[in-house]
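**Student:** Protein chains in written order, with the numbering used here: chain S, 6 to 300; chain L, 828 to 986.
Don't read these hints as lab results, they were simulated from the structure. For every residue, glycine included, the Cβ atom is placed at its ideal position computed from N, Cα and C. Do not rely on the hints blindly, as some may be mistaken.
Cut-off 30 Å, straight-line C-alpha distance, at most; resulting in silico cross-link-like pairs (DSBU-like, lysine-lysine) [unchecked claim]:
1) LYS858/L to LYS290/S
2) LYS984/L to LYS185/S
3) LYS913/L to LYS185/S
4) LYS858/L to LYS127/S
5) LYS185/S to LYS958/L
6) LYS290/S to LYS46/S
7) LYS958/L to LYS984/L
8) LYS958/L to LYS858/L
9) LYS916/L to LYS290/S
10) LYS7/S to LYS58/S
11) LYS984/L to LYS58/S
12) LYS867/L to LYS285/S
13) LYS290/S to LYS867/L
14) LYS858/L to LYS130/S
Distance windows between CB atoms, simulated [to be verified]:
15) GLU946/L to LEU48/S: 54 to 64 Å
16) ILE240/S to LEU983/L: 37 to 47 Å
17) PRO864/L to GLY245/S: 51 to 61 Å
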Amino acid sequence: MKSVFEAYKELWPADRHAVLEPYLNKIAVLRYPEDRAMLGKVLAPFVVVVAQKASLRENVALLESGFQHIVQQDREDFPQELLAASLMTTRPDAFQKNPVPFFLSDFQPDMLKDPDKNLAMKFHKSSQKSLLLDWLSAFLQQNPQTFAIHDLSLQAADEMLTNAFFNAPIRPGGLRPFQKLPRDAEAEISAAKSATLFATVSERRMIVGCMDSFGSFSQPNLMEHLRHNFSQDSIRTREGQNGAGLGLRYLIENAANFYLLCHKGISSLVACGFVLEGLKANLYKPKHMHICFWE
Amino acid sequence: MIRREPFEFEVLEDGETIEYSLSGSLDEHAKLPDSRPAGKVVIRLGGVTSLNSQGTRLWIGWIQRFRSPIEVVLEDCPVLFVKNFKLVKGFLPEHFVVNSFVLPFYSERTRERRDVLMERGIHYGMNLKMKIPEQQDSAGNVMEVDVIESTYLGFLKAR
Numbered sequence: 006m007k008s009v010f011e012a013y014k015e016l017w018p019a020d021r022h023a024v025l026e027p028y029l030n031k032i033a034v035l036r037y038p039e040d041r042a043m044l045g046k047v048l049a050p051f052v053v054v055v056a057q058k059a060s061l062r063e064n065v066a067l068l069e070s071g072f073q074h075i076v077q078q079d080r081e082d083f084p085q086e087l088l089a090a091s092l093m094t095t096r097p098d099a100f101q102k103n104p105v106p107f108f109l110s111d112f113q114p115d116m117l118k119d120p121d122k123n124l125a126m127k128f129h130k131s132s133q134k135s136l137l138l139d140w141l142s143a144f145l146q147q148n149p150q151t152f153a154i155h156d157l158s159l160q161a162a163d164e165m166l167t168n169a170f171f172n173a174p175i176r177p178g179g180l181r182p183f184q185k186l187p188r189d190a191e192a193e194i195s196a197a198k199s200a201t202l203f204a205t206v207s208e209r210r211m212i213v214g215c216m217d218s219f220g221s222f223s224q225p226n227l228m229e230h231l232r233h234n235f236s237q238d239s240i241r242t243r244e245g246q247n248g249a250g251l252g253l254r255y256l257i258e259n260a261a262n263f264y265l266l267c268h269k270g271i272s273s274l275v276a277c278g279f280v281l282e283g284l285k286a287n288l289y290k291p292k293h294m295h296i297c298f299w300e
Numbered sequence: 828m829i830r831r832e833p834f835e836f837e838v839l840e841d842g843e844t845i846e847y848s849l850s851g852s853l854d855e856h857a858k859l860p861d862s863r864p865a866g867k868v869v870i871r872l873g874g875v876t877s878l879n880s881q882g883t884r885l886w887i888g889w890i891q892r893f894r895s896p897i898e899v900v901l902e903d904c905p906v907l908f909v910k911n912f913k914l915v916k917g918f919l920p921e922h923f924v925v926n927s928f929v930l931p932f933y934s935e936r937t938r939e940r941r942d943v944l945m946e947r948g949i950h951y952g953m954n955l956k957m958k959i960p961e962q963q964d965s966a967g968n969v970m971e972v973d974v975i976e977s978t979y980l981g982f983l984k985a986r
């Protein structure tokens with residue numbers, strides 16, 4: 006198998022090769038579906054799957070096989086996403102410190118200081134959700150290029166917040182104190198463990214994400230949930246008063262790119278990347294997906 | 828700051844017909860109206876501005892009260908509703924009639940989006956071939972339908 010650098014160095018300008026080579030040489034490329042026979046024979050966490058129009062169901066099967074990064078070759082943003090996937094694996098600390106530059110192909114450092122382009126809000130109780138979504142909605146409305154995907158991105162943020170309030174909090178013994186609560190109940194975590202909802206808009210892209218201070222995703226449960234959500238064309242809502250079981254499907258379907266990164270016991274990041282080209286470009290294009298668990 | 832609207836509803840009763848108009852955010856805080864006996868139910872959804880997974884489950888629970896032979900008509904279904912028709916089991920029962928729904932258009936040149944209301948008997952249904960009205964952006968360019976029709980309009984096939 007070739008490394009990312011060997012296989013794709015021509016995607017980046019020659020004057021950047023010396024900087025990129027040490028990182029991109031550590032990550033191998035598996036082409037899907039051509040290299041399907043290799044699926045069970047490689048060390049999945051150090052491989053980026055470069056897919057040819059893989060469907061969501063195929064993406065999920067690849068994730069279940071242990072691969073963490075699936076990048077769609079036919080997308081315009083393929084070079085940036087391939088680079089981001091490689092750097093997430095080789096430089097996880099840099100990624101966790103400031104993930105936004107990894108997400109946006111046209112990222113400029115000034116964006117993070119511009120309140121019209123970047124929004125970040127800390128929160129610690131579920132009664133803040135409505136206000137957080139109001140602020141996000143207002144932020145989107147001041148960026149006219151986001152108008153077409155306003156509803157999709159707000160729905161995604163809503164589901165991220167619900168997850169952060171009710172599923173993410175975990176006590177040292179493993180108890181999740183709010184998981185069984187009805188979702189209109191108050192769930193409050195200590196201010197020291199507050200989470201952050203963020204959104205950054207560039208000319209062609211937008212990222213909406215939520216970072217918590219628990220790092221409590223369970224990989225087997227997540228994979229089971231993904232399998233359940235994507236093994237059939239239509240799904241049933243979960244009975245009872247707690248989670249409806251649809252949030253993850255909404256998150257992944259709405260966005261062009263999906264990221265879930267869990268640093269066990271430290272933090273989790275869930276983010277959706279949107280292409281600012283209308284609904285179709287987000288709902289129906291083959292999706293880049295990244296699901297990583299770090300110890 | 829423009830606040831998102833909280834969930835509200837209005838109920839109008841006219842003989843055998845009851846009309847529910849829903850608006851605002853259909854989420855975990857929404858209290859859907861009590862249902863009353865009726866021969867026909869019209870549910871207007873044009874005012875619904877957001878829908879999350881909790882709202883989706885509430886909706887499914889609420890509409891189960893309107894079993895056949897009650898005639899149920901949905902009006903002005905927003906994009907997030909139409910997206911759920913095929914995706915979520917029980918979201919659009921077989922005996923419900925979608926009388927109008929939103930079809931989104933997009934212009935790559937001006938990056939404008941426009942939502943067009945598709946009406947049964949004018950644009951589709953009743954043995955009509957689907958008629959998608961041409962849309963132009965503010966610069967006069969033809970706008971594209973901003974969904975994959977076979978997927979988004981899939982709910983019409985069985986009706």
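**Student:** With reference to the structure, classify each hint as holding or not holding.
**Tutor:** Verification of the supplied hints:
In summary, the hint linking LYS858/L to LYS290/S is not supported, as the alpha carbons are separated by about 36 Å, beyond the 30 Å threshold. Taking the CA atoms of LYS984/L and LYS185/S, the gap is about 39 Å. The hint is violated against a cut of 30 Å. Between LYS913/L and LYS185/S, the direct Cα distance comes to roughly 28 Å. Compliance with the 30 Å bound is thereby established for this hinted pair. Of the supplied pair hints, the one linking LYS858/L and LYS127/S holds, its CA atoms being roughly 28 Å apart against a limit of 30 Å.
For the hint pairing LYS185/S with LYS958/L, the CA-to-CA distance comes to about 47 Å; that exceeds 30 Å, so the pair is violated. Between LYS290/S and LYS46/S the alpha-carbon distance is near 29 Å, which keeps this suggested pair within the 30 Å criterion. For the hint linking LYS958/L to LYS984/L, the alpha-carbon distance of about 15 Å falls within 30 Å, and the restraint holds. Taking the CA atoms of LYS958/L and LYS858/L, the gap is near 37 Å; set against the 30 Å cutoff, the hint is violated.
About 23 Å separates the Cα atoms of LYS916/L and LYS290/S, which keeps this hinted pair within 30 Å; it holds. In summary, the hint linking LYS7/S to LYS58/S is supported, as the alpha carbons are separated by about 21 Å, within the 30 Å threshold. Restraint check for LYS984/L and LYS58/S: the C-alpha separation of about 26 Å stays at or below 30 Å, so the hint holds. At most 30 Å may separate the alpha-carbon atoms for a hinted pair to count; LYS867/L and LYS285/S exceed this at roughly 35 Å.
At most 30 Å may separate the alpha-carbon atoms for a hinted pair to count; LYS290/S and LYS867/L exceed this at roughly 40 Å. For the hint linking LYS858/L to LYS130/S, the alpha-carbon distance of about 22 Å falls within 30 Å, and the restraint holds. Checked against the given bound of 54 to 64 Å, the beta carbons of GLU946/L and LEU48/S, roughly 57 Å apart, stay inside it. Restraint check, ILE240/S to LEU983/L: a C-beta distance of roughly 21 Å breaks the suggested window 37 to 47 Å.
Roughly 28 Å separates the CB atoms of PRO864/L and GLY245/S, a value that falls outside the hinted 51 to 61 Å.
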